[in-house]
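Engineer: Sequence:
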Amino acid sequence: MAVIDALEELRECLNPEQFEAATHVDGPTLVLAGAGSGKTRVLVHRLAYLLHTGRAQPWEIFAVTFTNKAAQEMRTRVEALVGPAVRSCWIGTFHGLSARILRLEGERLGYTPNFTIYDAEDAKRLLKRVMQALEFDPASKLVTVAAVHHAIDRAKSRSIGGGKDIGAGQENRSDGLDDEGRKDPLAAAVRRILPRYQEALRQSNAMDFNDLLRLALELLTHHPEARERFSGRFRYIMVDEFQDTNRVQYDLLRALLVDHDNLMVVGDDDQSIYRWRGADVANILGFSRDYPTARVVKLEQNYRSSAHILAAANAVIRRNSRRHEKALWTEADDGRPIGVAIMERGQDEAEFVAQSVASAIAEGEQPADFAVLYRANAQSRLFEEAFRRHGVPYTLMGGTSFFERMEVKDILAYLRLAVNPRSSQDFERIVNTPSRGIGDKTLARLKAAAEPSGLQGALMLAMPDERLAGVGLSPSAIKKLRALHATLTTLASMAKSAPAVEVARAVIDRVDYIGHLEAYDPASADERIENVWELVHSIAEHEALTDATAANEALNARATTSEALTPLAAFLERASLTSAFDLDHTQAQGVALTTLHGAKGLEFPHVFMVGMEEGTFPSRRAVEGAPEDLEEERRLCYVGMTRAMRTLTLIGVRLRWVYGGEDLRWPSRFLGELPDHVVAPCSESPFEAPKGRRSPWVDLRDNNGSRPSVRRRTVERGGDRIEYDDLQEPQDTHEVGGSPILPSTGGMYRPGVRVFHNTLGVGTVESADGVGSKTYLTIRFAQEGLRRVAARFVRSAEESC
DNA sequence: GCCGAGCAACTTTTT
DNA sequence: GTTGCTCGGC
2 MAVIDALEEL RECLNPEQFE AATHVDGPTL VLAGAGSGKT RVLVHRLAYL
52 LHTGRAQPWE IFAVTFTNKA AQEMRTRVEA LVGPAVRSCW IGTFHGLSAR
102 ILRLEGERLG YTPNFTIYDA EDAKRLLKRV MQALEFDPAS KLVTVAAVHH
152 AIDRAKSRSI GGGKDIGAGQ ENRSDGLDDE GRKDPLAAAV RRILPRYQEA
202 LRQSNAMDFN DLLRLALELL THHPEARERF SGRFRYIMVD EFQDTNRVQY
252 DLLRALLVDH DNLMVVGDDD QSIYRWRGAD VANILGFSRD YPTARVVKLE
302 QNYRSSAHIL AAANAVIRRN SRRHEKALWT EADDGRPIGV AIMERGQDEA
352 EFVAQSVASA IAEGEQPADF AVLYRANAQS RLFEEAFRRH GVPYTLMGGT
402 SFFERMEVKD ILAYLRLAVN PRSSQDFERI VNTPSRGIGD KTLARLKAAA
452 EPSGLQGALM LAMPDERLAG VGLSPSAIKK LRALHATLTT LASMAKSAPA
502 VEVARAVIDR VDYIGHLEAY DPASADERIE NVWELVHSIA EHEALTDATA
552 ANEALNARAT TSEALTPLAA FLERASLTSA FDLDHTQAQG VALTTLHGAK
602 GLEFPHVFMV GMEEGTFPSR RAVEGAPEDL EEERRLCYVG MTRAMRTLTL
652 IGVRLRWVYG GEDLRWPSRF LGELPDHVVA PCSESPFEAP KGRRSPWVDL
702 RDNNGSRPSV RRRTVERGGD RIEYDDLQEP QDTHEVGGSP ILPSTGGMYR
752 PGVRVFHNTL GVGTVESADG VGSKTYLTIR FAQEGLRRVA ARFVRSAEES
802 C
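Residue numbers for the first sequence follow my numbering, so the first one is 2 and each next one is one higher.
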């Protein structure tokens with residue numbers, strides 16, 4: 002009876018494809034969900050359907066979302082449909098769910114349940130220490146902490162086979178002179194560093210972000226008892242944003258699917274924007290190959306955007322070669338044309354947006370209905386300033402998260418140490434904060450004393466006085482260490498039984514942290530102190546909430562997750578895994594300021610995409626990099642455009658301020674990819690390009706405020722006729738003979754252009770090939786004759802004069 | 001061991 | 001422009 006009711010209800014609120022995706026619950030299912038096609042709706046209703054019809058018990062459901070915020074939203078929406086039972090479902094990010102698995106079963110791998118999660122900053126500090134110990138040259142341009150961190154990150158997110166191939170047993174190739182080492186010193190360095198880094202993490206009872214995934218996979222792969230516990234339990238598995246999963250995450254899913262294949266994945270290959278982080282589109286493109294029986298459902302009706310916006314986004318994404326062909330359609334009206342505006346500099350761009358928003362608000366629009374999307378966080382500042390000037394409320398998303406602030410991290414370090422005394426990074430962070438006279442010398446001696454025993458973190462303080470004196474520590478230094486030891490011991494014992502808020506208060510009291518902040522920098526003290534109390538407040542809030550959840554779980558007999566975590570430890574985990582994007586913005590009433598990445602999954606009636614210039618968006622690295630990098634930028638552009646419901650405005654500037662000076666920029670190629678009939682220049686723009694300035698810039702507006710006076714040309718390629726605005730580059734070849742070349746490749750290298758080469762002297766360009774940094778020019782030099790050289794070594798002759 | 005001055009590197013995107 | 005780091009003087 003209930004089943005039939007549920008089906009009838011679903012039929013009413015879902016379209017036929019959505020209905021199929023929501024109710025086809027057994028066996029593998031791939032949902033290819035175009036932007037704005039209601040995929041969250043499908044996931045929510047599917048979950049509700051499973052619970053409501055009794056096909057699944059709450060604890061049998063494992064649902065993976067991309068962010069904690071998305072998980073929270075899913076919970077809330079499902080709860081509204083089926084009540085509090087959903088609280089016992091496992092819903093979270095891959096990292097969060099993996100951590101949960103490891104808290105329960107990680108002891109099999111040598112970690113205690115109170116292990117600490119190191120974020121990127123912690124990981125880099127630890128790497129730095131390891132590299133110092135291995136005597137790497139700190140001045141090396143190639144083997145930097147950041148480069149090594151990135152390399153390790155990539156290696157770990159690609160790692161298969163349970164991660165066994167990483168970390169141990171590679172010391173024998175540590176001379177850096179093996180075959181590969183000759184070719185790639187960074188790889189050789191990583192081979193030496195990684196085992197030490199991994200060992201240091203293990204000794205600290207700590208994991209970095211990728212370890213969470215890797216070790217969970219290792220547990221499920223190599224420990225059958227652990228595997229049975231989870232694979233036997235989760236009978237329905239769902240994954241959102243599947244296009245952005247990496248190899249390890251995919252393997253993790255497969256490891257859970259031993260007894261059944263009830264896996265539904267939802268995604269859109271056109272919205273894959275995390276390749277740089279190890280995401281592998283192959284997971285979604287090859288799903289039907291891995292699961293030949295998979296039902297494939299395509300959601301192609303867009304419910305979000307006007308027809309013009311959809312047409313523009315489709316035109317852009319169509320230029321990518323590696324994608325599933327789809328046909329997104331809408332029943333919506335054309336709507337307003339896409340606005341395109343070109344400003345002189347960043348300030349003008351921000352002023353234009355702020356003014357436009359301010360006047361719209363004056364006419365009754367809501368600030369929260371607007372969003373400003375940019376490529377990189379650094380672009381946000383000008384917009385913050387402009388909105389403040391205009392009195393427009395805004396919400397800055399991303400950027401430095403609350404939990405990344407110095408004062409917050411200090412307190413968190415004490416708390417993490419109280420929960421896990423072995424954490425070396427936290428110990429080093431607080432050992433002399435606030436100043437207590439324990440400097441580098443004392444710390445080095447302490448470590449020397451601990452060395453043979455392998456003690457880490459606060460445990461080093463537990464050594465007897467004689468041992469400390471034996472490494473040359475003075476009585477006064479030992480006294481200071483003892484005082485610290487007493488503090489940390491007290492905190493550690495409090496952490497076992499006292500409420501989390503009390504532990505936090507004790508930290509602040511015992512080390513006089515407020516006094517420290519006042520002394521540290523009086524100018525910022527007030528704000529920092531406020532943040533500290535905000536932290537205490539959020540711990541209290543969290544504690545109240547977990548009490549409620551625990552009570553709820555106690556009612557739910559089969560909700561077996563009596564987790565081994567105290568509220569304090571649970572809070573610390575949340576702090577580690579919560580990004581700036583996860584904080585609650587649902588109450589936010591201001592204009593959203595966010596990166597394009599951060600806008601994924603959101604929608605706004607009015608969207609401004611700013612920084613539409615070559616080198617900004619697409620980013621310089623993408624322009625100079627491989628064609629795949631550019632395709633990812635284009636997907637990012639597609640994601641941005643499809644956030645818009647009613648109006649979309651694209652803005653670029655001619656002069657972009659980059660640390661140091663102003664850069665002359667070309668309009669983003671994406672502007673040139675918009676179809677004519679959906680674009681209109683923003684005639685209401687109060688800014689005109691300054692008179693008398695000539696530059697390679699082509700203003701997209703003509704004097705009448707109608708369609709930009711852009712010359713067009715047609716290129717024949719592979720039987721296709723492709724039309725380009727003359728100011729654009731064809732995206733996959735680097736042709737000479739028409740369009741200007743991107744400034745970031747060094748200038749305009751048309752045939753006939755005179756250029757200067759440092760060793761070969763002056764010559765004339767004959768032809769060019771390749772893309773970005775791999776552009777090569779064939780040049781006729783006066784002395785040397787015809788030579789082919791890399792474009793990056795060549796300047797235009799005018800420029801060099 | 002502490003602190004201030006001067007300098008380099010930084011900017012892609014985040015769990 | 002900013003932040004984090006090194007170096008030298010106290």
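Hints listed in this document are in silico derivations from the structure and should not be mistaken for laboratory results.
The structure displayed is predicted, hence computed values, not measured ones.
Check each hint, because a few of them may be wrong.
[Unchecked claim] When the alpha-carbon atoms are kept at most 30 Å apart in a straight line, the in silico DSSO-like pairs for lysine-lysine are as follows:
id	residue 1	residue 2
1	LYS327	LYS70
2	LYS70	LYS442
3	LYS125	LYS448
4	LYS481	LYS497
5	LYS442	LYS410
6	LYS129	LYS142
7	LYS125	LYS327
8	LYS142	LYS442
9	LYS448	LYS410
10	LYS129	LYS442
11	LYS448	LYS481
12	LYS125	LYS142
13	LYS410	LYS497
14	LYS70	LYS448
15	LYS410	LYS129
16	LYS497	LYS480
17	LYS448	LYS480
18	LYS70	LYS125
19	LYS327	LYS129
20	LYS299	LYS410
Engineer: Hint by hint, say whether it matches the structure.
Structural biologist: How the hints compare with the structure:
1. Between LYS327 and LYS70, the direct Cα distance comes to roughly 29 Å. Compliance with the 30 Å bound is thereby established for this hinted pair.
2. Straight-line distance between C-alpha atoms of LYS70 and LYS442 comes to about 44 Å, which puts the hinted pair past the 30 Å bound.
3. The suggested pairing of LYS125 with LYS448 holds, with an alpha-carbon distance near 20 Å, which does not exceed 30 Å.
4. Between the alpha carbons of LYS481 and LYS497 the distance comes to roughly 25 Å, so the proposed pair stays at or under 30 Å and holds.
5. The suggested pairing of LYS442 with LYS410 holds, with an alpha-carbon distance near 24 Å, which does not exceed 30 Å.
6. A distance of roughly 14 Å separates the Cα atoms of LYS129 and LYS142; the hinted pair therefore holds under the 30 Å criterion.
7. At roughly 42 Å between alpha-carbon atoms, LYS125 and LYS327 are farther apart than 30 Å, so this suggested pair is violated.
8. Between LYS142 and LYS442 the alpha-carbon distance is near 28 Å, which keeps this suggested pair within the 30 Å criterion.
9. At roughly 23 Å between alpha-carbon atoms, LYS448 and LYS410 fall within 30 Å of each other, so this suggested pair holds.
10. A C-alpha spacing of about 18 Å is found between LYS129 and LYS442, which places the hinted pair at or below 30 Å, so the restraint holds.
11. Proximity of LYS448 to LYS481 is assessed by CA-CA distance (about 15 Å); at most 30 Å being required, the pair is judged to hold.
12. A hinted pair counts as satisfied when its Cα atoms are at most 30 Å apart, and LYS125 with LYS142 qualifies at roughly 16 Å.
13. Between LYS410 and LYS497, the direct Cα distance comes to roughly 21 Å. Compliance with the 30 Å bound is thereby established for this hinted pair.
14. For the given pair, LYS70 sits about 41 Å from LYS448 by alpha-carbon distance, which is inconsistent with the 30 Å threshold.
15. Distance hint between LYS410 and LYS129 is fulfilled; the C-alpha atoms sit about 19 Å from each other, no more than 30 Å.
16. The straight-line distance between the Cα atoms of LYS497 and LYS480 is roughly 26 Å, inside the 30 Å bound, and the hint therefore holds.
17. For the hint pairing LYS448 with LYS480, the CA-to-CA distance comes to about 16 Å; that is within 30 Å, so the pair holds.
18. At most 30 Å may separate the alpha-carbon atoms for a hinted pair to count; LYS70 and LYS125 meet this at roughly 26 Å.
19. For the hint linking LYS327 to LYS129, the alpha-carbon distance of about 47 Å lies beyond 30 Å, and the restraint is violated.
20. At most 30 Å may separate the alpha-carbon atoms for a hinted pair to count; LYS299 and LYS410 exceed this at roughly 45 Å.
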